[in-house]
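Taken in sequence, the protein lines are chains A and B. Just remember that my numbering sits 3 ahead of the position in the first sequence, which is counted from 1. Just remember that my numbering sits 3 ahead of the position in the second sequence, which is counted from 1.
Hints are supplied without guarantee of correctness; some may be wrong.
Which copy? The list can't say, so a pair holds if one copy fits it or any two copies do.
Claimed, not checked - Below, computed lysine-lysine pairings styled on BS3-like, alpha-carbon distance capped at 25 Å: (1) K573 / K408; (2) K220 / K147; (3) K573 / K456; (4) K579 / K242; (5) K218 / K147; (6) K452 / K60; (7) K573 / K218; (8) K60 / K150; (9) K579 / K218; (10) K408 / K193; (11) K573 / K220; (12) K193 / K242.
Simulated from the structure, these hints should not be mistaken for lab results. Values in this document were obtained by computation on a predicted structure and should not be read as measured data.
Each chain, letter by letter, is given below.
2 protein chains.
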Amino acid sequence: MHHAVDFIQDLAVIMLLAGIVTVIFNRFRQPVVLGYIVAGVIIGSYTPPFSLIHDEKTISILAELGVVFLMFSLGLEFSLRKLARVGVTAVVAALTEIILMLWIGFEIGRFFEWKLMDSLFLGAMLAISSTTIIVKALDELGLKREKFAQLIFGVLIVEDILAIGMIALLSGIAITGSVDTSEATFTLGKLLLFMVVSLVVGILLVPRAIAYVAKFKSSEMLLVTVLGLCFGFCLLVIKLGYSVALGAFLIGAIIAEARQLHMIERLVAPLRDMFSAIFFVTIGFLLDPNVIISYLGPIAIITVAVVIGKIVSCSVGSFLSGQDGRTSMRVGMGLSQIGEFSFIIAALGLSLKVTSDFLYPVAVAVSVITTLLTPYLIRGADPFTQWLGRMMPGRVSYVLTQYTKWLQSIHLSGDSAALMAVVRRILLNVAVNLAIVVAIFLGGAFFFKQFAKLMSPWILAVAAQSTVVWGGALLLSLPFLVAVYRKLKSLSLLLVELSVPSNLAGRYTLHVRRVVAEILPIAAMVGVMLLLAVLSASILPSTEMLLLTGIAAVCLAVVLRSWFVKMHAKLQIALKETLEQQNDIQNGGHS
Amino acid sequence: MHHAVDFIQDLAVIMLLAGIVTVIFNRFRQPVVLGYIVAGVIIGSYTPPFSLIHDEKTISILAELGVVFLMFSLGLEFSLRKLARVGVTAVVAALTEIILMLWIGFEIGRFFEWKLMDSLFLGAMLAISSTTIIVKALDELGLKREKFAQLIFGVLIVEDILAIGMIALLSGIAITGSVDTSEATFTLGKLLLFMVVSLVVGILLVPRAIAYVAKFKSSEMLLVTVLGLCFGFCLLVIKLGYSVALGAFLIGAIIAEARQLHMIERLVAPLRDMFSAIFFVTIGFLLDPNVIISYLGPIAIITVAVVIGKIVSCSVGSFLSGQDGRTSMRVGMGLSQIGEFSFIIAALGLSLKVTSDFLYPVAVAVSVITTLLTPYLIRGADPFTQWLGRMMPGRVSYVLTQYTKWLQSIHLSGDSAALMAVVRRILLNVAVNLAIVVAIFLGGAFFFKQFAKLMSPWILAVAAQSTVVWGGALLLSLPFLVAVYRKLKSLSLLLVELSVPSNLAGRYTLHVRRVVAEILPIAAMVGVMLLLAVLSASILPSTEMLLLTGIAAVCLAVVLRSWFVKMHAKLQIALKETLEQQNDIQNGGHS
Numbered sequence: 004m005h006h007a008v009d010f011i012q013d014l015a016v017i018m019l020l021a022g023i024v025t026v027i028f029n030r031f032r033q034p035v036v037l038g039y040i041v042a043g044v045i046i047g048s049y050t051p052p053f054s055l056i057h058d059e060k061t062i063s064i065l066a067e068l069g070v071v072f073l074m075f076s077l078g079l080e081f082s083l084r085k086l087a088r089v090g091v092t093a094v095v096a097a098l099t100e101i102i103l104m105l106w107i108g109f110e111i112g113r114f115f116e117w118k119l120m121d122s123l124f125l126g127a128m129l130a131i132s133s134t135t136i137i138v139k140a141l142d143e144l145g146l147k148r149e150k151f152a153q154l155i156f157g158v159l160i161v162e163d164i165l166a167i168g169m170i171a172l173l174s175g176i177a178i179t180g181s182v183d184t185s186e187a188t189f190t191l192g193k194l195l196l197f198m199v200v201s202l203v204v205g206i207l208l209v210p211r212a213i214a215y216v217a218k219f220k221s222s223e224m225l226l227v228t229v230l231g232l233c234f235g236f237c238l239l240v241i242k243l244g245y246s247v248a249l250g251a252f253l254i255g256a257i258i259a260e261a262r263q264l265h266m267i268e269r270l271v272a273p274l275r276d277m278f279s280a281i282f283f284v285t286i287g288f289l290l291d292p293n294v295i296i297s298y299l300g301p302i303a304i305i306t307v308a309v310v311i312g313k314i315v316s317c318s319v320g321s322f323l324s325g326q327d328g329r330t331s332m333r334v335g336m337g338l339s340q341i342g343e344f345s346f347i348i349a350a351l352g353l354s355l356k357v358t359s360d361f362l363y364p365v366a367v368a369v370s371v372i373t374t375l376l377t378p379y380l381i382r383g384a385d386p387f388t389q390w391l392g393r394m395m396p397g398r399v400s401y402v403l404t405q406y407t408k409w410l411q412s413i414h415l416s417g418d419s420a421a422l423m424a425v426v427r428r429i430l431l432n433v434a435v436n437l438a439i440v441v442a443i444f445l446g447g448a449f450f451f452k453q454f455a456k457l458m459s460p461w462i463l464a465v466a467a468q469s470t471v472v473w474g475g476a477l478l479l480s481l482p483f484l485v486a487v488y489r490k491l492k493s494l495s496l497l498l499v500e501l502s503v504p505s506n507l508a509g510r511y512t513l514h515v516r517r518v519v520a521e522i523l524p525i526a527a528m529v530g531v532m533l534l535l536a537v538l539s540a541s542i543l544p545s546t547e548m549l550l551l552t553g554i555a556a557v558c559l560a561v562v563l564r565s566w567f568v569k570m571h572a573k574l575q576i577a578l579k580e581t582l583e584q585q586n587d588i589q590n591g592g593h594s
Numbered sequence: 004m005h006h007a008v009d010f011i012q013d014l015a016v017i018m019l020l021a022g023i024v025t026v027i028f029n030r031f032r033q034p035v036v037l038g039y040i041v042a043g044v045i046i047g048s049y050t051p052p053f054s055l056i057h058d059e060k061t062i063s064i065l066a067e068l069g070v071v072f073l074m075f076s077l078g079l080e081f082s083l084r085k086l087a088r089v090g091v092t093a094v095v096a097a098l099t100e101i102i103l104m105l106w107i108g109f110e111i112g113r114f115f116e117w118k119l120m121d122s123l124f125l126g127a128m129l130a131i132s133s134t135t136i137i138v139k140a141l142d143e144l145g146l147k148r149e150k151f152a153q154l155i156f157g158v159l160i161v162e163d164i165l166a167i168g169m170i171a172l173l174s175g176i177a178i179t180g181s182v183d184t185s186e187a188t189f190t191l192g193k194l195l196l197f198m199v200v201s202l203v204v205g206i207l208l209v210p211r212a213i214a215y216v217a218k219f220k221s222s223e224m225l226l227v228t229v230l231g232l233c234f235g236f237c238l239l240v241i242k243l244g245y246s247v248a249l250g251a252f253l254i255g256a257i258i259a260e261a262r263q264l265h266m267i268e269r270l271v272a273p274l275r276d277m278f279s280a281i282f283f284v285t286i287g288f289l290l291d292p293n294v295i296i297s298y299l300g301p302i303a304i305i306t307v308a309v310v311i312g313k314i315v316s317c318s319v320g321s322f323l324s325g326q327d328g329r330t331s332m333r334v335g336m337g338l339s340q341i342g343e344f345s346f347i348i349a350a351l352g353l354s355l356k357v358t359s360d361f362l363y364p365v366a367v368a369v370s371v372i373t374t375l376l377t378p379y380l381i382r383g384a385d386p387f388t389q390w391l392g393r394m395m396p397g398r399v400s401y402v403l404t405q406y407t408k409w410l411q412s413i414h415l416s417g418d419s420a421a422l423m424a425v426v427r428r429i430l431l432n433v434a435v436n437l438a439i440v441v442a443i444f445l446g447g448a449f450f451f452k453q454f455a456k457l458m459s460p461w462i463l464a465v466a467a468q469s470t471v472v473w474g475g476a477l478l479l480s481l482p483f484l485v486a487v488y489r490k491l492k493s494l495s496l497l498l499v500e501l502s503v504p505s506n507l508a509g510r511y512t513l514h515v516r517r518v519v520a521e522i523l524p525i526a527a528m529v530g531v532m533l534l535l536a537v538l539s540a541s542i543l544p545s546t547e548m549l550l551l552t553g554i555a556a557v558c559l560a561v562v563l564r565s566w567f568v569k570m571h572a573k574l575q576i577a578l579k580e581t582l583e584q585q586n587d588i589q590n591g592g593h594s
């Protein structure tokens, strides 16, 4: 009972102060997030006269829930369609920004002779801009619907995905203690695989489950179901060794495909607001003024680096991908701050015990300063562009204008564009199917011990057990392998028709074409099987058994071919329907 | 980090199971609450194979938040206006039910030779019916808009208020260890005083603060402000020694007067649903099947007592207050179960360490059985009434019908009704003003030490300090005292006119009337001042100082009379406006 009193006192202090400070901040048109951090500094243990918080452990757990709900909401707003619309610019600008900022951050850390891990985490902290702060700033300036704002949102989505990967990578590096590129590639590969498979399986299952629950017309049941899915998936992700932030984002992106998205967003928003307020306030707790005073130099240098580095990298990235100078500059100036992701990454470093204590307050200080600058930078973008235009030598600006014009002129059109689209669709299809197959085999290897235990009453020999598991994985994969084979065949037919012109092989043209079109997919399938063998090495049966299983599988595939095709088509249609259904509803909801 | 993982695992297990079980329960048309409890039993440590919960402390804190949000939502739905509409019946039925069930529960406890405290808490647990279960049941049966349903809601509101008092009383009894009636009366009086003062002050301040924040049009800020007010007030209530449930209910009732009520209800609902789910699931944790098996006898007897006792007491109560037989029986049968309040009271007993461990699972078991019976009882009310009508001797049913007719015939009407309304309004006004005055003096006595410390640099003598504090309290109270005096004077004028008929005193009539009308309020004011002197005994100055202060106050009151009246009128208008504003919006919202 007394413990609960402590806790309610903590919540009362946090919420009251957060409320008062945010009202003041809003009154002076500063972002709410800053208000929370200031409230945290006031409450925190570093500012006199005394700490107002009694039950720090429970509060820190609620702050963790804040990260879950922040990332979950971000996932709900995520959409592959939105991403496709701003496509190339977003990817180029985000990649330029992240690579440049990672490098700048790392170099600054090395310059101050910080530890390797500190420098690496500093780089990661500077790499990602703050979605919440930009959205709030653009909203307050009334620029949310402008073209450059759409580009900024695109860059932010790409950044979020890359940040998720970065969190996974940093965890891996922190645990193994070394920057092993092959290891990193493998980690990133596994991560991508996990993301693709959980998206596909999730989008097949979750919206259907939610639709079923929604039929009862009880927002309480819907909320509890959504929370169950959210925390359940987070738990799975944690058990697989990834961060809870990744899990919350992914399940959010999956649930975003449910027809009931708008209802769910409305139900989750208060939870996000309450817990994210606690999260941002606890960030303020950790702000030790003494640390800030003694690290004034680094903070100033990092702030300048963030502002200039982000403006340059994002503007150049946008410009290179074909935007005009003014839009590029506005994109760059909008993205020049760091925010919630930096805190998440800083908290990751602290919880993994690989970074020094000063890194967190430094990140918060830089974030506070750059956040304060954001609205002024956005407003200053146009005057700065004009000034830059006047200062630039005529020849340079002529070359730049020609570049933009040239890029816009080389867009594919007509037949070749349609062909590219077909090829792209086939390759995407093959990649998704292969990801599922790989996941099945990796899952078999991962859970082999559990399977073996289940089989032990009937099958004792380990060799026999591994044959059964491997064979089972192969059986499960068959529909997807058949689909991959068929898609590869149609792709090779297409390629062959283009690359073996009829005048080259003369009267053998048709013959040559058919042979190549048959050989190419079979060769690819052999490659796939070799890859699978490597990935499932730990449960690979003996050579004879493998041969037998393989032949049985091929026979089965040939015999049940049409059934497999039908089943796979059904799954594919279900997936497509879910994705397109959502589309309808969203358009309906906004119109 | 690892701790947060434990916690997320707990949340995942709770939410996933709660989601699945509630879907199943909803499928078979049973209340969601039962589903949560069953999910809790499955998760709980008493059911094999092992406990699925790792961080029981944090989960129990979140369950406590469930109580806060449940009571807060109840407060948001509470309305003095709604209560006035069903008035007499609700009060009579609720009082009959609570007194009878308290007695039955206590006697059952004594019969089984349980401890005195156990018996007392058992009585309290059986006294209150379950709002959530009744609302769900009536909703599912489609009877929510019937007349008896409105009566049931009225009874529930009165019960909720009395339950709040009961929680305070039980805490007091548990701490002092004795059932001291004068102590209990004093406690209840202090509680009533606290409730009235916080309602008046709260309704004056809180809706204005919320309206100010709402101007920023940010639902995030509104939510944080509301949560800050909620937890802040809960903290104050806890510090004053009352339960957090009372605090949450009161601040909810205050915030219910804000113009933004509907928005706030929408924002708080997901928080309530999430945390109350955790609360109900944790109830299931404590359900030890062994306890239930060994207490099968008491559970059966208590269940029968709850069903029959509540049907009889509520039906008789409704009937006595003038409802017809059929409606009375429907009210009684709807109210015959126990629910969330019983758990809150059981949890109170456990946390105060005055009740035995078996009481909680017994209460949960009885609640589960009576909840399951509720829909059948509601549906069975009409057939049962008909059967009862056939079985009743003709003369009895004739007498009963005549009683109903007689009661309905004696309703006041015309002039006397209007007069009663005026007198009632004046008395209410006096009571509220006096409550504020009493609160000011009690506050002065309570915080005397803090005030004394503040004054110590200038005034050292304790006698002088107490004179300043007492005088200050008197000064603050003056506007309210002046208002009380004026209201009492108009009341005595009214009464004198009625009770001193012109033919009695002949030509002295006017004179007698004026003297009586002057003396009565002055006598009453002297009584009030004596009461204040008793209440503030600890800070009462010496007799001379008291006399001086009193004379100064009277002079001030006479001189500044009109200013005080104006100020008081302003406050009163502000209060009235808030209450009526809300009325507009609510009607607007529902039409």
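Here is what the structure says about each hint:
| no. | hint | verdict |
| --- | --- | --- |
| 1 | K573 / K408 | neither (46 Å within a copy, 71 Å between copies) |
| 2 | K220 / K147 | between (34 Å within a copy, 17 Å between copies) |
| 3 | K573 / K456 | neither (34 Å within a copy, 80 Å between copies) |
| 4 | K579 / K242 | neither (30 Å within a copy, 58 Å between copies) |
| 5 | K218 / K147 | between (35 Å within a copy, 21 Å between copies) |
| 6 | K452 / K60 | neither (36 Å within a copy, 34 Å between copies) |
| 7 | K573 / K218 | within (24 Å within a copy, 52 Å between copies) |
| 8 | K60 / K150 | neither (45 Å within a copy, 50 Å between copies) |
| 9 | K579 / K218 | within (22 Å within a copy, 43 Å between copies) |
| 10 | K408 / K193 | neither (40 Å within a copy, 81 Å between copies) |
| 11 | K573 / K220 | neither (29 Å within a copy, 47 Å between copies) |
| 12 | K193 / K242 | within (14 Å within a copy, 54 Å between copies) |
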